[in-house]
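Heads up: the sequence shown at position 774 corresponds to 774 in UniProt numbering, and the numbers run straight through without jumps.
Simulated from the structure, these hints should not be mistaken for lab results.
Note that the structure is a prediction, hence the values are computed from the model and not measured.
Fair warning: there could be bad hints in the mix.
Within a straight-line C-alpha distance of at most 25 Å, the following computed DSS-like cross-link-like pairs (lysine-lysine) qualify [to be verified]:
(1) K134 - K208
(2) K439 - K603
(3) K223 - K136
(4) K427 - K603
(5) K588 - K540
(6) K223 - K160
(7) K188 - K136
(8) K59 - K223
(9) K603 - K568
(10) K226 - K134
(11) K516 - K568
(12) K821 - K628
(13) K540 - K516
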Amino acid sequence: MGGESKAEYIIQQLNVGNAKKIALLMVLAFIFFHGLIHVRYGTDSCKWLLSRGRFKGDKEWLTVRLYDASILPARHPTMFPLPGLLGNENHFVFIGDTRLRMLYEAFINHLHPSDDDNGSLVDSPANLEFLDMKLKLRVNYIYANDVARGMVEEFSTWRKDEDPPSLIVASCTYGTFQAGNTTEEIIKSFALNMTHLVRPMEEVLGKKVHVLWKLQDPIVEDKAPKEWKGLTNDDIDAINRATQGVLKYTTVPLWASSRLIAQGLLDEAVDGVHLGPLALRHDVQILLNMYCNDYMNFNDGTCCSSAEPYTILQVVTYAILGVCVALSVAMLLRRWMQQLRGQTLYTPLNQPGNADATSPIYALATLAFIMGYFYLCDRTNFFMKENKYYSEFSFWIPVGKLALLMVLAFIFFHGLIHVRYGTDSCKWLLSRGRFKGDKEWQPYGCMMHRYSQQDTRRCFRYLAFWGNENHFVFIGDTRLRMLYEAFINHLHPSDDDNGSLVDSPANLEFLDMKLKLRVNYIYANDVARGMVEEFSTWRKDEDPPSLIVASCTYGTFQAGNTTEEIIKSFALNMTHLVRPMEEVLGKKVHVLWKLQDPIVEDKAPKEWKGLTNDDIDAINRATQGVLKYTTVPLWASSRLIAQGLLDEAVDGVHLGPLALRHDVQILLNMYCNDYMNFNDGTCCSSAEPYTILQVVTYAILGVCVALSVAMLLRRWMQQLRGQTLYTPLNQPGNADATSPIYAVATLAFIMGYFYLCDRTNFFMKENKYYSEFSFWIPVGRFTKVLHRDETDELKGWMQLVILVYHMTGAERILPIHMHIKVLISGYLFLSGYGHFTYMWQTGNAGLVRFFQILFRLNFVTILLCLCMNRPYQFYYFVPLISFWYCLIYVVLALPPHITAATVDANPYQYLYLAAKFVSLLAVSTIFYMSEVFFERIFVTRPWKALFVTTDDDIHEWWYRWKLDRYTITSGMVFAAIFHVAQKYAVFDDNNHGNLFSRRISLTATLAAVGGVGFYTTFSFLCRNKQECEEIHSYIVFIPIIGYIVLRNISGILRTRYSSFFAWFGRISLELFICQYHIWLAADRHGVLVLLPGFPTLNVIITSFIFICASHEVHRLTLVLLPYAVPSDWKLAVRNFVAFLIILIPIARYDGMF
C-alpha cells in the first residue's frame, strides 16, 4: 500500500469494480438463501398464497413474497372458457356452515350472472347450485355444520366419481359450535371426526382435485347475534388448533390466509360473525388465483403458476453461453497453471483487471452469468415476488430500514477506524487533507477554525491566565524560518503589546510579556549533534517549550545528488534523535517533525539547482521509515499544502504567503482548539462533557428501549408458543407501531444517533464551503396555490434552499443571505396566514388545538434540548414561531371572538378585527422602540430560560424577533383581506381560469414582478448586513405577496403543484431542526462526514439518512400527539400541568428559579 494509510486504502477500494464484486457476492448469498427456502418448504407457491400475507394501504391484501394477481371481472369470459375448451368442467364445491355459504354467494356475485349467459340459481332448503353452460361452470354449496358422516360420505362419493369437482372448499366445526363452551371432550371428538375425513380428502386430492380446508374466522364478540353470544375467539382458536394438529402431517392444504384476512377486516363484519364484502372479495381472488393462474399466464399472477417453459432458442443460446463459460474457465486454469510454473511472471497491468478482462470469451462468460441471473429472477419462481403498491408509508418503511442499516454500517466503519488509529483527531489534521475552492485547506475528517489575530491572542491570554507559558520553538533550516516569521506576522506585533524581535546571526526570538509568549527560531540545517543536544536540554528542562516544530535534512542537501550512503547516514542520525524527542513528548510537549516541502525545479535559485523532488521524496521516505514506529508525530499535511500551492512559491523553494498561512492555522488549531471551544474547530479538541440532565434523559429513553425490547421479546415468545394466533393486521406494520413506548424507544435510537453525530468526535466533520456552483445546483422547478398543498409546496422548496444555504455556508454573500431571510419570513407569513384562516373559518379557539400545535412545534425541539444539552433558543426558529402562535391565539381568542360566521351576523366586527391588528402592530413597535424594556420583559424568570442562549444572552432572541416583528401580523392581515375579497367575489378561484380579468391580471402580474424585483435590487444595493436587515422588516411582505400573486394569478399555475416539494414541506419543520446535528455538524457550523474522501457521495449518503430520520421523527410526533394532547380539554390541561411539574426540577437545575 506504499505510504498510504489503511483507511485511505479502504476508501480507494470503493470503486465500480469492487462494487460489482460486492453485488456478485450478494446475488450468490440470496441464491443460497432462497435455495435453502425451497429445499425446506418446496417450490409450490400455493403454500404462500394459502398460508400467509399482509395488508397494504387501502386494505389491499398482499400474499407474502409472491404476486397475488387481481383478476378483474372483465376477464372472466376469457378465463373459464380455457379450462372448458381443454375438456375440463369448471366444477366448484363449497361444503360447510353458513359462513362458507357467504363465500359461495360472493363467488357467484363476482360473476354477475345475467339472462344472456345461461346462469341460473337453484335453491333448496340447504343446498345451492349455480350453472353456466357457456363456461361449463357449476358451483355447488352443500350445507354441513358438523364434521360427521354426511361430509365423509360426500368426499367418499367424489373419491369414486370419475369426474370429481375441480375445486372443493370445506369448513365446518361441530353441531353446537355457536353455543360456545368448547370443552376438551368436544375438541377430542372433533379431532377424531377430522381423522375419519383425512383419508377421503387425500384420495380426492390424488385425483388432481384442489381441496382446501378453510380455518374458522374470528368474530366480533360484542356484535355477535344472540345465537352466537356463547362463542368466543378462544373457542374458535381451539378448533383451529385441533384442525391444524390433525392436518399437519397430511397432504391436505390448510387455507389459513383467509383467517388472517377476516381478522384484519373484523370491523367490516356484517353482524360480527359473517365476513364483510371486502374480506369476501379477497377470499374469492385467492381462489381464482389458485385455480386460474397456471392457465391464464397473467404477468402479475405468479401464485400457483408454473415457471414459463423454455424454448429451443433459449436452450441454444444458453448452450453457447455455457460453452463460453467453459472456455473462459479453461483459459483461467491455463493461466493459473502457467503462473505456478513461473512462465507468465510479467503480466500487463495497464488495463482494467487482467488480460482476460477485454477478451470476448471472458465477456460472453460474464454475460452468461448475468443472463442466468436474469432468467432466475424473471423466468422462474426461484426468487419470491410481490405486487407493486405505492403509499407514503410503504415507500418510507423500507427506506427507513435501509437508512438504519447504513447508519449501523458507518458506525461499524468509523469504529474500525477508531480502533485502528485511535480517537485523536490531531492525526488527521497533521497527516491529510484537500483543497476546496479558493484554495482553502480542509483537513481530513475534522474542522479547522480560522484563527484571527484576536482569536490567537485570546487563546494565549487564556492559557497565560492559568499559569501556562506559551513557548514555541522552530528548529530547522531556512525554510522553517519562513514558517516562524509567518507565525510572528500573524500576531502583528507592535509597541503596545510588548512584542519585540531579537535577531542573532542564526537564531531569532519573539517575546510578548502580556501573553507570556516566547517564540524561538533555532537554525539547524543538519540532523547532527547540535539538534540532539537541543532536544536533550529540553528533555532535562523543568519548563520545556509548549510546542516544538523541527525540520531539516543534511548539510549539502541543496546540492542534490542524494545517494544511498547519504540517505543511510541521515537515517542513522534520525535514529539518534528519536529517543530525546520521545522523552520530550513524555513531558506533554507538542513535538512535530515537518516533512520537507517540494520545490519548483525550474524556478529554484542557483544554489538549489542540483536538488530535485526525487531527492526530497527520498529524504521524506527515510524520515517516515525512522519515525513510523515511534510516537513522534509526522507533519505530512504541510507537504500536501506546499505541493498544492507550488505555483505561489516565492522563489520556487520557499513557501508563498497562502501556504504559510495554512501551516500557521494548523499549528494554532492543534495548540488552541481544546481550550477555546470554537464550534467550528473540532481538530485536536475533546468531546463535550455530558451533563446530569443528559444522563437522566438518556436513562429515561433507555428504560423505554428496555421496555420496548421486553414487549417485543414477550410477543415473540407468545408467538412461538402459539398464544397469539389472532394478531391485528388492519394497521401498518404491527400493533407496536403506534405504541407510545415503541415510539419513544425509536426516538431513543434517533437521539442516540444525534448525540453520536454532534456531541462526540466519533464521526468526522468538515468545514463549510460556499461557492455559487454548490449553492445553485439543487434548485428545481415547481407549480401551484394557497391551499394546503400549495403552502406545503412553498415550504418544501423554501426549506430545501435553506438547507443548501446552511450546507454551503453562503451566509457571507449578502444578496443570498437577504433572500434566505425572505424565505424564513415567508414561512412565518404562511404561519400567520394559516392559523388566522383556520380560526376564521372554523372558529375553533379551544385549548386542545392550542396544545396540539405547540406540541407538534416543540416536541422534538424539547427532546433535543434535553439530549443534546442545548438551550431552547439554540433552535431559534421553533421558539420564534411558537411565540408568535401564542400571540396569534391570544389576540384572536380574546373576546370579541371574530370569525367568518360572526362578521356575517354583525359587520361591525370588522372594526374589532382591525383594532386587534393595530394593537398587535402597536405592541410589536413598542417592544422594538425600547430594547431595555424588551429585555426586561423577556429576561424575567421563570421564562427567561426560553429566550437566552447558553451564555445567558438575550441578544440572539432580540435579533431574531425584531427581524420578523411585523411578518406574522402581515400574514394575518393578508389572510383577512384575502377572505373578505373572496367573500365579496373580487376574484374567483373556483375555476381553472385566471383570478381577475385580463387587464387586471396583467397589471397585478407587473406589480408582483416589480415587488419581487424591488427586493432583489435592494438586496444588491444595500451596503451592509445591519442596514439590510433593518429595512427588511418593513418591506419583506412585498416580495412574499408578489410571489403569491405570481403563483396564483394564472389558472395554469394555480391548479397545479409539485408533490415533490409538497412532500418536503410536510416535514419542513423536522428538516429545519434535525439538520443541526445529523446533516450539518458542530451545531450547524460544519458538515458531517460519514464517508471521508468523497465529499459529493458523502453529502448524498448523509442527506439520505437525514431525510429518513426527519421523516421518522415527523411520524413519531404524530403517533405521540394523541397521547400527549388528548381530545378532551380537561385531560389535555392535566397533561400540561404534569409537564410543568416535570419541568420544575429541570428549571431549578438550569437556574430558572
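Results for each hint:
{"no.": "1", "hint": "K134 - K208", "verdict": "24 Å, holds"}
{"no.": "2", "hint": "K439 - K603", "verdict": "22 Å, holds"}
{"no.": "3", "hint": "K223 - K136", "verdict": "40 Å, violated"}
{"no.": "4", "hint": "K427 - K603", "verdict": "33 Å, violated"}
{"no.": "5", "hint": "K588 - K540", "verdict": "13 Å, holds"}
{"no.": "6", "hint": "K223 - K160", "verdict": "43 Å, violated"}
{"no.": "7", "hint": "K188 - K136", "verdict": "41 Å, violated"}
{"no.": "8", "hint": "K59 - K223", "verdict": "22 Å, holds"}
{"no.": "9", "hint": "K603 - K568", "verdict": "29 Å, violated"}
{"no.": "10", "hint": "K226 - K134", "verdict": "43 Å, violated"}
{"no.": "11", "hint": "K516 - K568", "verdict": "41 Å, violated"}
{"no.": "12", "hint": "K821 - K628", "verdict": "52 Å, violated"}
{"no.": "13", "hint": "K540 - K516", "verdict": "22 Å, holds"}
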